[in-house]
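Engineer: Chains as they are written, first to last, in the working numbering: chain A, 3 to 360; chain B, 68 to 379; chain C, 188 to 455.
Just to be clear, a hint being listed does not mean it is correct.
[As the list claims (entries may be wrong)] The following residues of chain A were derived to be distant from chain C, with all beta-carbon distances above 10 Å:
no.: 1; residue: ASP62
no.: 2; residue: GLU109
no.: 3; residue: LYS156
[What the hints assert, rightly or not] With a straight-line Cα cutoff of 25 Å, these simulated DSS-like cross-link-like pairs (lysine-lysine) come out:
no.: 4; chain 1: C; residue 1: LYS371; chain 2: B; residue 2: LYS336
no.: 5; chain 1: C; residue 1: LYS371; chain 2: B; residue 2: LYS90
no.: 6; chain 1: B; residue 1: LYS371; chain 2: A; residue 2: LYS107
no.: 7; chain 1: C; residue 1: LYS352; chain 2: A; residue 2: LYS136
no.: 8; chain 1: A; residue 1: LYS136; chain 2: A; residue 2: LYS33
no.: 9; chain 1: B; residue 1: LYS90; chain 2: C; residue 2: LYS417
no.: 10; chain 1: A; residue 1: LYS110; chain 2: B; residue 2: LYS90
no.: 11; chain 1: C; residue 1: LYS417; chain 2: A; residue 2: LYS107
FYI, nobody ran anything at the bench for these hints, they're computed from the structure.
Where is the CB? At the ideal position from N, CA and C, for every residue including glycine.
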Amino acid sequence: MSSNEDFLIIDNISKRFDDVVALDKVSVKIKRSELFSLLGSSGCGKSTLLRIIAGFEKPDEGRIILDGQDITDLPPYLRPLNIMFQNYALFPHLNVYKNIEFGLKEEKLEKNLIEERINEALTLLELSALQKRKINEISGGQQQRVALARCLVKKPKLLLLDEPLAALDKKLRIQTQFELVNLQFKLGITFIIVTHDQEEAMSLSDRMAVMQQGNILQIGTPVEVYETPGNEYIANFIGTANIFEVNENQDSKLYSSTLNAFINSAKAIPTNKFLLRPEKIEISKFKEGEEKTQINKCIGTVKEIAYLGSYTKYLIKTDKATFYVFQQNKFFTENLNIKWDDKVICSWNENSIFPIND
Amino acid sequence: MTKSFAPGMKIQSFPLMISEKLKSYKFWFVFTPYFWLVLFFFIPLALIFKISISIAEWGMPPYKDLFEFTENGFQINATLNNYIFVFSDFYYFKSYLNSLSLAFTSTLICLVIGFPIAFYVAKSSERVRNIMLIFLIIPFWTSFLLRVYAWKVLLQGNGLINSLLIKFGIIDNPLPLLHNHYAVILGVVYTYLPFMILPLYGYLVKFDLNLIDAAYDLGAKPIKAFFKVILPLSLPGIVAGSMLVFIPVVGEFVIPEMLGGSDRLYFGKMIWEEFFQNRDWPIASALAMSGILFLVVPILIFQKQYEKYNLK
Amino acid sequence: MIKNLNFLKIGLLSFGFMFLYFPIFTLVFYSFNDSERVMVWTSFSFRWYSELFHNEQILEAFYTSLKVAFLSASFATLIGVMVGYSLARIKYIPFRIFFIFIGTSPLVMPEIILGLSFLLFFITTNNLIGFPSSKGFLTVLISHITFSIAFVGVIIQARLSSFDKNIEEAAQDLGAMPNKVFWKITAPVILPSIVSGWLLSFTLSLDDLVVASFTNGPGANTLPIVVFSKVRLGLSPEVNALSAIVLLVVMSAALIFYFANKKSNIQK
């Protein structure tokens, strides 16, 4: 889906607003035709970075290079990229057709070509029937497609999307997710999506960058970020994390006091902290007579159960620790027969342990 | 204004920058108002200041030039006497107090009458709102002079109200409804009511007034809900409307002239008299200046609240 | 409890509206009185309306007022839009606080002080450079424009503040230079506010008495000045007729406006 070529280079971008540091020497290299996400909670600087790429803010330091061209000093109207705003920012006094047409008029193309491109976009986004309508007469989802069409007719090298799914309800969100990915794949345009929703980022992106307080914490594919998070913050931010401490006992074996269990890990744990994702823990009812101390096994009590149809969430408590276990409901739930306050055995594989940095 | 010069940006030649500036609409949008308003608003005000510190003299203009070349050389004929006179003579101060009290009272009454109206119009559905707004705006568009005159017709000795009261035998002799300061208050409230209602409405309508119903739902008694929820919420709107009534009323001249009596002298009339009748421009200017001075604080409040008002 | 409140609400609103309209209706009523003494009703007639239309003084003043109001509104709207736009959109304005001061304080400054300042100004400029040679149409016009600017500025600034800034950014992003963004995107969207500003300035100018009294000269009497001289001391039947006509015009305009709005809403 994406090439190996560095298409957009964000090089040491810093931005300050009065006393607040919005971005601190941020650097990212995004590949051609990639669907890339900037993920982070509010205030992390992702929107600021997007606006700097689009040209609405000037960075204090750093350069932006798009397809070999340094665009840092270019005003927005000269940059070969387009942005789709979170609230769509459609022109209220123009109808759907004229909204889409606006950007093309600036390019001074032939009339025929303009019409062609617009019709192309209308068909692609299924807006042909709505072209004469006023903006306030169409639904939110349709407005979004108009905003998208408006950008796409310009055939931009790069498309920026600011929280594209945030305003949509759940069903529409899932549908739009697929549509966006398909569109991107079809057109081959490099996408950069800004979002605070980690599910969104994970499901859409080829690669993502996790940001916090003006810094990029980690760049990687969704798998990399989920399975091998760079630090505890990232581990907690993406999905649910169980983080445990271990210590070496006198026999040089790793032991977790909070779990009251011995740990055997395939990888070394230099910081004495490791991550164990909830779906990687198996859970079964405790039967008397089972050995209490085993490796990569522990005993706990079920404190909470949340049944979610395809899987069940358990909150397990040991003497000193609380952690989550997600179990897929492969069989009818009745077979599992785990209830509140049941004593259970939790077990996991040595490869599932991932050492965590601070 | 100076953005950081990013490395690599060419430094354009000065004349090029100027001609670029001139083509930018932003330049003209700032320059034109500056030009007009400084010339026709600020300088006139500055002139009032200048004349307020001048020495009165016969002739036209009836004050000595500020800068004069006499046998003795260059002379500045400035004085603070005008101000001293204005502040020391109780006559002037009383007129200012009269205007202040008028402004204060009428603002309060406008608020009491206007707030419920603004509130209920803002709360109504869009259709009802538009109809009510039209009815509110019609008096606003109608000449204020005519509306004040209408009260004259009503309140005169042989005016409508007296005639009706006599006709129904409620009184024998006409009441002196006109030419006293109650008539003035009535006239002011009548004229300035839209100035209170419209900004207040404009502010309240931005809120979801169903919040109030939520307050009821949570068990708050109406009066409590009013003071604890509604009032604080509407404060910027209240201040906006109040300032739009209070400040102009302090200098109000026409309404006291038409409806007021000779028993009370108001500040506006004071300035008028000093200027046109006594032809004492320095004193009139000093009065005007001190009026502005005392209004600076309310004006500043207004401008501060104005920012708040727009922020919502 | 709620019933009581509804009662109160309706009562308050009716009282309010009655209060606003009763005096005006009284004038309309008496405008049809044939007698010269306004308060003594003799018979129904249109006499005063015809007298009104033959009164040279009033007619001339009316035309003058119209001309001044039209020009004043147009120029004031032009400059007022600049003020409103600058305050809402332009980040750097030299001496910004001063700009805000001169741009908004005419709104609240007492008219008598404004009028005085204009008069002094014109006299001084006359002394210094001989212009304007005499007070009249031009001086009234300039003073009206000056105090109307603030009103338009306020309206435009308020409109722009509640305007989605992203729209202008989107236009830039799609390739339009800032000048084009203003003319093609910003201006059309705020057009209704611009029209309101113009109408407001028009009314303020038409209705202004105090400032015009200071700045007018021979041959440039405005309608309010003439009316004021007539009613200052007593009642005037022509003025009653005038009031009725004004009310009619305003009401018709309001109704037209209302139905025009409704129609465009239905079309949507």
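Engineer: Hint by hint, note whether the structure agrees.
Structural biologist: Here is what the structure says about each hint:
Look at A/ASP62: its CB is around 16 Å from the nearest CB on chain C, clear of 10 Å, so calling it non-interface holds up. With a closest Cβ-Cβ approach of about 6 Å to chain C, A/GLU109 is found to fall inside the 10 Å limit, against its non-interface label. With a minimum CB-CB distance of about 7 Å to chain C, A/LYS156 fails to clear the 10 Å threshold, and the non-interface call is violated. With a C-alpha separation of about 49 Å, the suggested pairing of C/LYS371 with B/LYS336 is violated against the 25 Å cut-off.
Note on C/LYS371 and B/LYS90: the hinted pairing holds, with a Cα-Cα distance of about 17 Å set against a maximum of 25 Å. For the given pair, B/LYS371 sits about 42 Å from A/LYS107 by alpha-carbon distance, which is inconsistent with the 25 Å threshold. Taking the CA atoms of C/LYS352 and A/LYS136, the gap is near 20 Å; set against the 25 Å cutoff, the hint holds. For a cut-off of 25 Å, the pair hint linking A/LYS136 to A/LYS33 is broken: about 37 Å separates their Cα positions.
With a C-alpha separation of about 52 Å, the suggested pair B/LYS90 and C/LYS417 falls outside the 25 Å cut-off, and the hint is violated. Using a Cα cut-off of 25 Å, the hinted pair A/LYS110 and B/LYS90 holds, with the two alpha carbons roughly 22 Å apart. Restraint check for C/LYS417 and A/LYS107: the C-alpha separation of about 60 Å exceeds 25 Å, so the hint is violated.
Violated hints, listed in ascending order, are 2, 3, 4, 6, 8, 9 and 11; each of the other numbered hints is respected by the structure.
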